[in-house]
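Two independent chains are provided; combine them into the complex using the hints.
Going down the list, the protein sequences come from chains L and R.
Position 64 of the first sequence, counted from 1, bears residue number 64 in the numbering used here, the numbering being contiguous throughout.
All you need for the numbering used here is the position in the second sequence, starting with 1, plus 79.
Keep in mind that the hints were calculated from the coordinates and are not lab data.
A virtual CB, placed ideally from N, CA and C, is assigned to each residue, including glycine.
There may be inaccurate statements among the hints.
Facing chain R, from chain L, some residues (calculated, C-beta under 10 angstroms) [said to hold, decoys possible]:
(1) Thr18
(2) Gly25
(3) Lys31
(4) Ala46
(5) Glu50
(6) Phe54
(7) Ser57
(8) Ile58
(9) Gly61
(10) Ala66
(11) Arg68
(12) Ala71
Lysine-lysine pairs mimicking DSS-like chemistry, simulated, CA-CA at most 30 angstroms apart [as the list claims (entries may be wrong)]:
(13) R:Lys97 <-> L:Lys78
(14) R:Lys222 <-> R:Lys269
(15) R:Lys323 <-> L:Lys36
(16) R:Lys105 <-> L:Lys78
(17) R:Lys101 <-> L:Lys26
(18) R:Lys101 <-> L:Lys36
(19) R:Lys187 <-> R:Lys269
(20) L:Lys36 <-> R:Lys87
(21) R:Lys126 <-> L:Lys26
(22) L:Lys51 <-> R:Lys87
(23) R:Lys97 <-> L:Lys76
(24) R:Lys87 <-> L:Lys76
(25) R:Lys105 <-> L:Lys76
(26) L:Lys76 <-> R:Lys101
(27) R:Lys226 <-> L:Lys51
(28) R:Lys105 <-> L:Lys26
(29) R:Lys101 <-> L:Lys78
(30) L:Lys78 <-> R:Lys87
(31) L:Lys26 <-> L:Lys78
(32) R:Lys226 <-> L:Lys26
(33) L:Lys26 <-> R:Lys131
(34) R:Lys226 <-> L:Lys36
(35) L:Lys51 <-> R:Lys97
Listed below, chain by chain, are the residues.
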Amino acid sequence: MANQDTSFEIIYEQHTLTVDIIRSGKSVVYKITNAKKPGVFFITRAMDAEKHYFWTSIPEGRLDLAARMGALIEEKIKP
Amino acid sequence: MCYYNGVKVTRSEFIRLKQLEKAIAKLDLLNRPMIIGFDYSQAPVLKRIDGKEDFEITQMEWGFIPPYLRNREAVVKFRNGYKDANGKFHPPITTLNAVGEEMLQPGKMYRDAALNRRCLVLSTGFYEWRHVHPIGKQGKPLKTAVKYPYHIVLPGQELFFMAGIWQSWTDKDSGETVETFAIVTTAANKLMQQIHNSKMRMPLILTEDQAWEWLFGDLSEEDIKRIVAAPIASELMSAYTIAKDFRAMNDPATPFEYPELTPVEM
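Chain R extracted, bound-state conformation (with noise of 0.2 angstroms):
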């Protein structure tokens, strides 16, 4: 005999609550309305069992920590930028997206997680910002541009897949060892082309046939080009503008219309 929550129960009623326990744990993980990656948050992720087609959903870290770093204060300075002891800046370097078609080339951190290491990240929906110019009184559009949020789905698919990779990284003063990841992005489709119309990219994201040979195929760079090259059609996906304060609200997907904005084409 067990106790679940102080009540005597058989072993197998007690097995049957602990494995509710994890599913709620993994539907708990996905119900997060939104995940910012400058937070550098954890995020839930598909990651391959080693040696089976099988997977593991586990939290990673968003943000792509490179083994070489030493410690967290190496990795805040990665991150935010630093003046070294000449005075000279170091720019901030945002790892929370792999650029695909650059990912690959020799060098790059990114390389070795692209071709061992690649995991999904799990969706609902993602967040981009429209830069519109208004039109000034001269008749010109300004040079400042007002920025419009987007909330971008897959109708019909409640959750779907974005290419990830992977890297574990080890503090090498407090011995912490965390997982990960990068959102592998893609050139922009018809539709981001319009919403994220300030840098044409997106994340690249997978059908489930793509999903699968993402985590579990042996790809070849050849392989994984032609993955990143092929971004989702515009037709499988949908946008509505919502709230300018998204980001403070309990629902941050909620619909808001703005009158004075042209709708994208869908």
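Next comes chain L alone, as it looks inside the complex (with noise of 0.2 angstroms):
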């Protein structure tokens, strides 16, 4: 089962952000919620057969919008 780890904040087009680092197994998704709206985006960091990352919803549907969170996220946590 998935597991919350731990969480950080973005600020995406002026909203604030919650961004939960979950990890299931090896893998690590990230669930972003905006307390002032219903609703939670699952998204993570995949690899396509070219062996290049790309960012995805989970599940899938909402590819841009995972790039453009994706991007913030890898902002906040690059070392």
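Have a look at this one:
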């Protein structure tokens, strides 16, 4: 089962969003919520067939938004 | 090669992402802040996989439906009450909870499920109302109670198990089959006697060892009665007041102070 680990905030289009890091096995999923709105958005970093990383929504369907959110998360967590 | 979200990925990556979807679906179920029984909504339940010491997390409809009800129309009448052709009113029957001490009695609709179809209901906390009778001008308690909602949790346990029993039910007209469940209740412990003071009941909360026994054990009637008769100790629970309109809040478990209220003894 997935376990929630830690959390931080990102700013997206003037909204403060909470990002929870969830570990599931060897995978990491980022759970994004907006305290002012219902709903939740999950994204993760995946690898394409050419071995390049990309951000994807879990489940499928929101690739562009996942890429934008993923870029903000990378900014936040980079060493 | 496969595609995930429009991007070409290897089969192994595709499988990993699909497994993540399943894990997230379960987490999403568990993250629902509140489930209100009278919505007869779906709730996450751990159910044994037949013949194995393994379980699946599945969604079931909260509100046990006995197999003898023919269709959804009969279920609605059963739950809401109805007048028959002679004008006689048949009161509603609530099956959200099964009284643990009574469910094994001969003829009870829960008996077979208690013996053969036990499950675990996942919870992060539950809500109950404390009834307080204010003192009137003549120094006596008023008849009408003021109700204060509480959120009850198990400190140190983000998730805990409540004992449940389940029943598969098929609408004989439409063919729809759903799994339904009831939460088993027991006598209130010291803390819950103060909070749920109108009914003096509480859900049967199980320790991890009891949960294992409840789900996988070959339990006799006596074993089940023994578990039901041992409610969790008050010392393992904690409770705090929340806003009276908590049902409408984004986070219903947000603490809310009532200065006029005497605290409960923990």
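Status of the hints after comparison with the structure:
1. Thr18: violated (12 angstroms)
2. Gly25: Given a least distance of 8 angstroms, the restraint on Gly25 (chain L) holds.
3. Lys31: holds (8 angstroms)
4. Ala46: Check passed: Cβ of Ala46 (chain L) comes within 6 angstroms of chain R, closer than 10 angstroms.
5. Glu50: Hint on Glu50 (chain L): holds, closest Cβ of chain R at ~8 angstroms, below 10 angstroms.
6. Phe54: This hint holds: Phe54 (chain L) lies near chain R, its Cβ roughly 6 angstroms from the closest one there, short of 10 angstroms.
7. Ser57: Holds, because the Cβ-Cβ distance from Ser57 (chain L) to chain R comes to roughly 6 angstroms (cut-off 10 angstroms).
8. Ile58: OK, holds: Ile58 (chain L) within 10 angstroms of chain R, min 5 angstroms.
9. Gly61: This interface hint holds because 7 angstroms falls under the 10 angstroms limit.
10. Ala66: At 7 angstroms from the nearest chain R Cβ, Ala66 (chain L) passes the 10 angstroms test, so the hint holds.
11. Arg68: Where the cut-off is 10 angstroms and the nearest Cβ of chain R is about 14 angstroms from Arg68 (chain L), the hint is violated.
12. Ala71: violated (16 angstroms)
13. R:Lys97 <-> L:Lys78: Status holds; Cα separation ~27 angstroms.
14. R:Lys222 <-> R:Lys269: Satisfied, since the Cα-Cα distance of roughly 24 angstroms is no more than 30 angstroms.
15. R:Lys323 <-> L:Lys36: Cα-Cα ~20 angstroms, so holds.
16. R:Lys105 <-> L:Lys78: holds (29 angstroms)
17. R:Lys101 <-> L:Lys26: Given pair Lys101 (chain R), Lys26 (chain L) holds - Cα atoms ~15 angstroms apart, limit 30 angstroms.
18. R:Lys101 <-> L:Lys36: holds (27 angstroms)
19. R:Lys187 <-> R:Lys269: holds (29 angstroms)
20. L:Lys36 <-> R:Lys87: This hinted pair is violated, its Cα atoms lying about 35 angstroms apart.
21. R:Lys126 <-> L:Lys26: holds (26 angstroms)
22. L:Lys51 <-> R:Lys87: holds (10 angstroms)
23. R:Lys97 <-> L:Lys76: holds (26 angstroms)
24. R:Lys87 <-> L:Lys76: holds (27 angstroms)
25. R:Lys105 <-> L:Lys76: At roughly 27 angstroms apart (the allowed maximum being 30 angstroms), Lys76 (chain L) and Lys105 (chain R) satisfy the hint.
26. L:Lys76 <-> R:Lys101: Holds, at about 27 angstroms.
27. R:Lys226 <-> L:Lys51: violated (60 angstroms)
28. R:Lys105 <-> L:Lys26: Given pair Lys105 (chain R), Lys26 (chain L) holds - Cα atoms ~17 angstroms apart, limit 30 angstroms.
29. R:Lys101 <-> L:Lys78: holds (28 angstroms)
30. L:Lys78 <-> R:Lys87: holds (26 angstroms)
31. L:Lys26 <-> L:Lys78: Holds, at about 19 angstroms.
32. R:Lys226 <-> L:Lys26: Roughly 47 angstroms between the alpha carbons, so the hint for Lys226 (chain R) and Lys26 (chain L) is violated.
33. L:Lys26 <-> R:Lys131: holds (26 angstroms)
34. R:Lys226 <-> L:Lys36: holds (28 angstroms)
35. L:Lys51 <-> R:Lys97: holds (18 angstroms)
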